[in-house]
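Between the sequences and the hints, there should be enough to build the whole structure, so can you do that?
First to last, the protein sequences are chains A and B.
For what it's worth, this note's numbering labels the leading residue of the first sequence as 1, then goes sequentially.
For what it's worth, this note's numbering labels the leading residue of the second sequence as 224, then goes sequentially.
Mixed in with the good hints, there may be bad ones.
[Said to hold, decoys possible] One-sided and incomplete, this derived list gives chain A residues near chain B with beta-carbon spacing under 10 Å:
1. Arg25
2. Lys180
3. His181
If you're looking for bench data, these hints aren't it; they were derived computationally from the structure.
Remember, predicted model here, so these are calculated numbers, not experimental data.
Note that beta-carbon positions come from the ideal geometry of N, C-alpha and C, so glycine has one too.
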Amino acid sequence: MSKKTNRLILAAPNSSGAESYMALRTNLAFAGKGEPVKTLLIAGATEGCGKSTVALNLGHFAAAGGKSVVLIDGDMRKLALTRHFDCAKYPGLSMALTSQGLSTSPLRPTTTPRLWILPSGPIPPSSANLLASPNTGRLIQSLAEAYDLVIVDSPPVLAVADASILATLVDGIIVVADAKHSKRRDVRRAVDMLLKVHGNVLGLVVNQATGSAARFQYTSYGI
Amino acid sequence: LSAAQLKDLDLLQIMAAGTDATRVALIANTAADELRAFVDESSAGTQGERLLVVDPAVPPDAPSGPSALLVVISALIAGLTLGSVLALIIDLVEDRIADPEELEAMTGLPILGIVPAMASDEVRR
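Structure (structure tokens):
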């Protein structure tokens, strides 16, 4: 049904992918060091490292685990989540941030029970300027009060300021790195940039496990 | 096979190199004999110059060139060095994530999850 080239893939139930995301969900529950992580930014150094795929799957499996989850498409340039859920024509984040009264009405239900999407909305002239408004933090907080988990997808940290702005407004950040294509120095620079704005970087998610990465996954199951 | 005049003396040094010591000595001596015979012949009947062999070639005890062991060791060192340099260059240029544990050490952050690349048969819309 889709003509889109960069389609996001949701892991099938009982697949190894599903196992991985459920393990990630569990690890995240303990990553906040006692503080529950209610608002989570999914960041990555560069384009195409799998941020949106991780955001989508984490949102899906968190909702499947019984939580009410809101996915925010904070990447107002690529709109990967917005396109995945076919809601590019709906008002979304950009309109919620520019409108006078804040409202959670732009939330759209998805086929996954308890999972909601806040599309990116009409593309603003400067997404960084828009996100820098105090409304962004207020919107994320109001959603965190009404839902169990708010997951924010973001554009590449090294490309634009958006992710660094969002990093200051969430409880925790995970940095996605592609085992095949991400460069080590890019990952390090991205982490450094997020730490520089005092973002609470909880940890890394390695995408596309092959070879040594796959072995690491088995050992990390441990005991 | 080569020949050279020794400094300013009226001495000609004939040198031969090869893999077989006895054969090499024979070649050098034969060349000297042939040269002497040629000079004798061309200056026959005159009071011309004559050649004398003052120091015949003897098969050397050890090879004059580098030993096989030295060649092997040099090649080994050169090979290892070249390989290491190449690996370093590739590592610098590529800079990919070889090992998630390395990423953990580099950033000081834990790996919260490793998610596989999902094949199309796992697609669900």
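These are the hints, each one checked on the structure:
Taken as an interface hint, Arg25 (chain A) checks out: its beta carbon lies about 8 Å from the nearest beta carbon of chain B, inside 10 Å. Because the beta carbon of Lys180 (chain A) sits about 7 Å from the nearest beta carbon in chain B, less than 10 Å, this interface hint is met. Because the smallest distance between the Cβ of His181 (chain A) and any Cβ of chain B comes to about 7 Å, under 10 Å, the interface hint for this residue holds.
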